[in-house]
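Student: Single-letter residue listing:
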Amino acid sequence: MKAVEIARKDLKIEFRAKGTLNLMILFALMTSMMFSVSIPLSLAKKIAPSLLWLVFLFVGVLGYGRAFLREVELETLEGLKISPVAPTSVLIGKILYNLVLMILMEAIILPIFIGLFNLDVANPILMVLSVTLGNVGFVIVVSSLSILVVKSKMREMLLPVLTFPVVFPIITSTILAIRKSMGGDLEGILSPLALIVGFSIIMFVVACLTFEYAFTD
Amino acid sequence: MKVVELRDVVKKFGSFKALDGINLSIERGESLALLGPNGAGKTTVVKLISGLLKPTKGDVRVFDRIPWKNYEVRRLMGVVSHNTFLYDDLTAYENLQFYCRLYDTDESVIDEILELFGLKNRKHDLVRNFSRGMKQRLSIARAILHDPPLLILDEPTAGLDVEGRRDLIGYIAEICKEKTIIFTTHNVREAEELCDKFAIICNGKLVYFGDVKGDLERVYLRVVGYESG
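Taken in sequence, the protein lines are chains Y and D.
Counting from 1, position 32 in the first sequence corresponds to residue 32 in my numbering; the numbering is continuous, with no gaps.
Offset between the second sequence (1-based) and my numbering: plus 1000.
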């Protein structure tokens, strides 16, 4: 329940200040527009899954890492550290907060992206499922890695450097799953989805087991 | 009963030895002032006691428990630092409500505490609109929400003007009567006003521990001057 309180507090601050969410939406819209203007539609339809994921990737690194960075900038992280809250609850709270941001992003960006590229999606439910599962895994990785860079002066640059190699299996599997969902390939989508779920669970367990070391001293 | 005990504590940051063999104990109901020049190691002692840091060597106990391992012992302490640990985009009430929930404390105490610190009429204002003095008062309110028996005050008057300092010391004196206090400061007069025991740290070493009142400034200047060469 402490995790929920932490997420609720972060959401209250975010919806009041709207710094991160506005930045994420603006960046996502700009990149989608630029892609739609500069890439021919015939080609874009073929590479749409990669382009879509590229948008989520940049926006995610920009936004999800802010959950911990904001605590550092406000000098409130120590307030959480001295409270009787297990470090894993803090991590889960930040993941929950980022998941809400992610759902909002998806709800806004996905229809706009499909509209801009005039994409034919054979199975929209599977497409939403693929994007969501990929994003959940991505949120878990970014949320848990961002605590490692908060003390660094180069944190904005370090986070992508640390994140991209770790998140690579999720990126490739999600792109594959989105492509299969667009083609309506129900059988072919199972293995990339299973890989995303399996990888996300492993990353979550590893993050919970190691987070305490990163969070304290 | 010993509330806080440090035995042969050494804390290193890389090759730098911030604390070198500190031995210190505080009994229930005592108030201890930790004095020392900038960089002496006062805040490191406070961070070790509050569980923010692990000692490199030695043993730190709070209520006979190891603070950096035991999250539950943190319910028994309230920490006020020069950082307020408050969220600028939440109101005073929302900040206290958040910490109440983290400490599983009944939220009905919030109004009473805001009243005590003269902030009740500003409870729905965002903290970003508060003055430094008001933020620091709210920070003390945050620290005592869960009625901890141990209160750690790490330079709470830093950055305040003379009037702000005087007001804050008054509030602290009011709430400290039945608590065990650790108070770090450079200001000898503030220390004498609030505390009955004094420890002077210089270059990471405990150079004085005693209860001399009235003459503390002279003692401080002598030991700190001597230690600094």
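In case anyone wonders, no lab produced these hints; they're calculated from the structure.
These numbers come from a predicted model, not from an experiment.
Beta carbons: idealized from backbone N, C-alpha and C, even for Gly.
There could be a bad hint or two in this list.
Some chain D residues well away from chain Y (every beta-carbon gap over 10 Å; in silico) [what the hints assert, rightly or not]:
1. G1051
2. S1108
3. P1149
4. G1159
5. V1162
6. F1209
Here are the simulated lysine-lysine pairs, DSS-like style, with alpha carbons at most 25 Å apart [unchecked claim]:
7. D/K1017 / Y/K153
8. D/K1177 / Y/K12
9. D/K1179 / D/K1135
10. D/K1054 / Y/K153
11. Y/K151 / D/K1123
12. D/K1002 / D/K1120
13. Y/K18 / D/K1135
14. Y/K151 / D/K1179
15. Y/K12 / D/K1069
16. D/K1012 / D/K1057
17. D/K1012 / Y/K153
18. D/K1002 / D/K1213
19. D/K1017 / D/K1213
20. D/K1054 / Y/K151
21. D/K1197 / D/K1213
22. Y/K18 / D/K1123
23. Y/K151 / D/K1120
24. Y/K12 / D/K1135
25. D/K1177 / D/K1205
26. D/K1012 / Y/K2
27. Y/K151 / D/K1197
28. D/K1069 / Y/K2
Using C-beta positions, here's what the derived DEER-type ranges look like [stated by the list, open to error]:
29. Y/K12 / D/R1189: 53 to 59 Å
30. D/S1108 / Y/F15: 50 to 56 Å
31. Y/F15 / D/D1211: 48 to 54 Å
Student: Run every hint past the structure and note whether it holds.
Tutor: Cross-check of the supplied hints:
Look at D/G1051: its CB is around 7 Å from the nearest CB on chain Y, not clear of 10 Å, so calling it non-interface is violated. With a least beta-carbon separation of about 17 Å from chain Y, D/S1108 lies farther than 10 Å from that chain, consistent with its non-interface assignment. No Cβ of chain Y comes within 10 Å of the Cβ of D/P1149; the nearest lies about 14 Å off, and the non-interface call holds. The Cβ of D/G1159 sits about 13 Å from the closest Cβ of chain Y, beyond the 10 Å cut-off, so the non-interface label holds.
At the 10 Å boundary, the C-beta of D/V1162 stays outside the reach of chain Y, the nearest C-beta of that chain being 25 Å off. At roughly 25 Å, the least C-beta separation between D/F1209 and chain Y is larger than 10 Å, which holds for a residue marked as non-interface. Among the hinted pairs, D/K1017 with Y/K153 is consistent with the structure: their alpha-carbon atoms are about 23 Å apart, no more than 25 Å. For the proposed pair D/K1177 and Y/K12, the alpha carbon gap of about 36 Å is over 25 Å, so the pair is violated.
For the hint pairing D/K1179 with D/K1135, the CA-to-CA distance comes to about 22 Å; that is within 25 Å, so the pair holds. Straight-line distance between C-alpha atoms of D/K1054 and Y/K153 comes to about 23 Å, which keeps the hinted pair within the 25 Å bound. Using a Cα cut-off of 25 Å, the hinted pair Y/K151 and D/K1123 is violated, with the two alpha carbons roughly 33 Å apart. With a C-alpha separation of about 36 Å, the suggested pair D/K1002 and D/K1120 falls outside the 25 Å cut-off, and the hint is violated.
As the CA atoms of Y/K18 and D/K1135 are separated by approximately 23 Å, the hinted pair is consistent with the 25 Å bound. Under the criterion of a C-alpha separation no larger than 25 Å, the hint pairing Y/K151 with D/K1179 is inconsistent with the structure, at around 34 Å. The straight-line distance between the Cα atoms of Y/K12 and D/K1069 is roughly 31 Å, outside the 25 Å bound, and the hint therefore fails. Between the alpha carbons of D/K1012 and D/K1057 the distance comes to roughly 9 Å, so the proposed pair stays at or under 25 Å and holds.
Between the alpha carbons of D/K1012 and Y/K153 the distance comes to roughly 22 Å, so the proposed pair stays at or under 25 Å and holds. At roughly 23 Å between alpha-carbon atoms, D/K1002 and D/K1213 fall within 25 Å of each other, so this suggested pair holds. Distance check on the hinted pair: D/K1017 and D/K1213 sit about 31 Å apart at the alpha-carbon level, beyond 25 Å; violated. Annotation: proposed proximity of D/K1054 to Y/K151 holds, straight-line Cα distance about 17 Å (limit 25 Å).
Straight-line distance between C-alpha atoms of D/K1197 and D/K1213 comes to about 9 Å, which keeps the hinted pair within the 25 Å bound. Taking the CA atoms of Y/K18 and D/K1123, the gap is about 22 Å. The hint holds against a cut of 25 Å. A distance of roughly 36 Å separates the Cα atoms of Y/K151 and D/K1120; the hinted pair therefore is violated under the 25 Å criterion. Between Y/K12 and D/K1135 the CA atoms are separated by roughly 20 Å; this keeps the pair inside 25 Å, and the hint holds.
Of the supplied pair hints, the one linking D/K1177 and D/K1205 is violated, its CA atoms being roughly 29 Å apart against a limit of 25 Å. The straight-line distance between the Cα atoms of D/K1012 and Y/K2 is roughly 33 Å, outside the 25 Å bound, and the hint therefore fails. Between Y/K151 and D/K1197 the CA atoms are separated by roughly 36 Å; this puts the pair beyond 25 Å, and the hint is violated. With a CA separation close to 18 Å, the supplied pair D/K1069 and Y/K2 stays within the 25 Å bound.
Between Y/K12 and D/R1189 the CB atoms are about 41 Å apart, so this pair departs from the stated range of 53 to 59 Å. For D/S1108 and Y/F15, the Cβ-Cβ distance of about 26 Å falls outside the hinted range of 50 to 56 Å, so the restraint is violated. Distance hint check for Y/F15 and D/D1211: the Cβ-Cβ separation is about 52 Å, which falls inside the suggested range of 48 to 54 Å.
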